[in-house]
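Number of protein chains: 2
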Amino acid sequence: MSREQALAYLEQHAERFLAELESFLRIPSISTLPEHKADMERTANWVAENLRAIGAENVQVFPTAGHPVVYGELRAVQPNAPTVLVYGHYDVQPAEPLEAWHSPPFEPTVRGERLYARGATDMKGQVIASLKAAEAAMHGGLPINLKFLIEGEEEVGSPNLAPFIAGHKDLLACDFCLNPDAGMIAPDLPTITYALRGLAYFELRVYGPKQDLHSGIYGGVVHNPAQALAELIAGMHDEQGRVTLPGFYDKVRPLDDEERAELARLPMDEAFYLAQTGAPALWGEAGYTPVERVGARPTLEVNGLYSGFIGEGAKTVLPAYAMAKISCRLVPDQDPDEVAAQMRAYLEQHAPPTIRWELEVMHGGPASITDRKSPWVQALAQAMEQVWGVRPAYKREGGSIPVVAQIQEILGKDSVLTGFGLPDGNLHAPNENLHLPTWRKGIMALVHFFYNLAD
Amino acid sequence: MSREQALAYLEQHAERFLAELESFLRIPSISTLPEHKADMERTANWVAENLRAIGAENVQVFPTAGHPVVYGELRAVQPNAPTVLVYGHYDVQPAEPLEAWHSPPFEPTVRGERLYARGATDMKGQVIASLKAAEAAMHGGLPINLKFLIEGEEEVGSPNLAPFIAGHKDLLACDFCLNPDAGMIAPDLPTITYALRGLAYFELRVYGPKQDLHSGIYGGVVHNPAQALAELIAGMHDEQGRVTLPGFYDKVRPLDDEERAELARLPMDEAFYLAQTGAPALWGEAGYTPVERVGARPTLEVNGLYSGFIGEGAKTVLPAYAMAKISCRLVPDQDPDEVAAQMRAYLEQHAPPTIRWELEVMHGGPASITDRKSPWVQALAQAMEQVWGVRPAYKREGGSIPVVAQIQEILGKDSVLTGFGLPDGNLHAPNENLHLPTWRKGIMALVHFFYNLAD
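Residue numbers (my numbering), protein chains in the order written: chain A, 30 to 484; chain B, 30 to 484.
Everything labelled a hint here was simulated from the structure, so no lab data went into it. For clarity, every value in this text was computed on a predicted model and none was experimentally measured. One thing to keep in mind: the hints can contain errors.
Which copy? The list can't say, so a pair holds if one copy fits it or any two copies do.
[Unchecked claim] Distance condition first, Cα-Cα at most 20 Å in a straight line; then the derived DMTMM-like pairs of lysine to aspartate or glutamate:
1) Lys-442 to Glu-78
2) Lys-198 to Asp-217
3) Lys-344 to Glu-184
4) Lys-239 to Asp-453
5) Lys-198 to Glu-102
6) Lys-280 to Asp-267
7) Lys-402 to Glu-268
8) Lys-198 to Asp-364
9) Lys-66 to Glu-291
10) Lys-176 to Glu-389
Work the whole structure out from these sequences, hints included.
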């Protein structure tokens, strides 16, 4: 096995790798639009062909109820090497509004250091980075086993992926999953995302009188459901910005000093969040920095609110009904079902006898976290330092990526998330682009990663 | 002058009076529907003809920007008698849903003791009661001066009435106004409404981040506008159900023991309000009975609430914006402009620096009240006792009747409200009906009232 041979191969074939990415980007694999169904098949086959070309075995294009899943595996030269499952998706977002693009979304165009096309960053660029790092490592003697799982429905919520994983547990058996669908914070700061928040989503309905009332004739004798709902919502946070659902923080892992120090390295301070959000001032749980609050602390947000008359003008109705959509972002080891029980307990304690309430638990999923000290995270961190010359940043993501929780639940394996797109890559927006120098460093880092894992 | 002659006349002409009411009810004078414009003219002329027939002078049908106003006056036999302005409206609500009527809405039908037709109670029956009491009193020698002001736009908010009153102050000069557009609480309990609440209506808008945010990526760092709005609303009442706007109660007239005793006579206890509203339990300002809270105490109600995503399902949006429609019902001597300033002061004191807010003052009007000890209220109370054999109930109405405030503001005169419709008269609903025995007693009471005023 020779890391050096693999890295040299990368340099020799850099032009072809870019050409392959451009070829991949030319197929408009828009998963949400039925008229692109044939393009989706074509893209799946393109990925399968590329896998075969780099020497993958057992390459298959699995049909699903939606778009196909592509699978292929590459064998390590040493029999007892670890097995890494590489996750990716070949589908992209729609390109609209087309008039906002400076070059057509499905005609990849290099301007300066960037390649512009729909999917360049999210995530065809990352899929090619993984495939080409594998190809180069094959050339140097593959130090680990690789399995590729490339789906075509991520941009529509991956409805058929969990059943596929559940139905192919043996095929997908691995030591951990590499998911390069996250990004980098800055071109000089490679990033490892090691945690994602989970979700518990509710609809809370408050009922008062049997029908809407005249607010003059009855205002003052019944508890207005909109007011009662406001009182319940207001009570869900204390003055420190802490969520008051009973037991809400019981299972939340405390942040140790080392992790807080790591998170403090992220260039995401108050000024960053003020600029990103445009809010007049920041707000949140006392005692935690913004990046800690978003990544490592659970939250409760009102996603929607409705009652009574909301049209133009005035209507003096005393509404019979009020509704709020409320969701909690969860951290490890909070459980969505337990949080639903906590929400119910809060309502039982605080809802007054003057109204009736109903709570619908809409959907949810647990948070996920990978040990930063695990050998694979350390192998990736070391690889990044070998390429960029700096220690990577460790980041917790505030949102959810369902496939990570699915792989944790179904296969029992952790994912480590990374990626080589930049924050100004215009994901899901016009003029999506890939910063090519960063992308090339990313491929190099993956090669190092594979060899580090075997060391 | 002979009260007895007038009362005898009533009995002799009872059949014709009912026939005239039926004729009046046959014209579908639906003010809100343009296709009934000709019917509106026809109804106005019908009223003018009836006024002329009973001996009114200076009868005029005044065109307005909408439907006509009918005027006519009757002279007392004594020169220095008081002048009463009788207010009424000849328009009715639409009759839909037609299939719910047991007999056609514009074919008046007597079943048992009730007359069924759209407008029977609201308020063609009351207009005819006033006209026929005047006709009978003319026969006995009219003891007071009467002026009739019968409009055609009450069911559409009387948009042209205030300008008409302002433009005809001399014509409408009077000692007080009789407004029979209120009703009776029960067939054996004649009712005088001596106070109406006013209104101050607001739209409160709360802004946070510059655009909707992903609740995972930003939940925990910005103050959710829906949550901030809920906190502001929750703070607008204290635990005693009192409104917390600064100075809100400063000008509210205290209830004296005598008035509380009068209000306690009303058969509107907790059980009544529970049955009427269907609320699980009553709610309101501590220390006051339901009927006091609705009539004599100011309130603050949320009329509408909106933020974020309110469709089916789940969307993890952190909304940039939240809105509430909020209105206060006012009692004498609260001023709508002062209440707007109090709302603004509350928001300035309580809105956190993490959000921006805007308050739109939409519309409002003052409360009105008539002295229960005034000679005309006493004259009406006595008349009711003469007919029913019981002291009338004195009621404060929780809603607003704009014409009462307009007459108080423009002419400087108080109104006394009564009427002979019953709570089960289905106002604005299918099968509207008039309880004929009560209606006939009402006409008798008005005759007594006219004579009592001159005594």
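Exercise for review: Could you tell me which of the hints above the structure violates, numbers in ascending order?
Suggested key: 1, 2, 7, 8, 9 and 10
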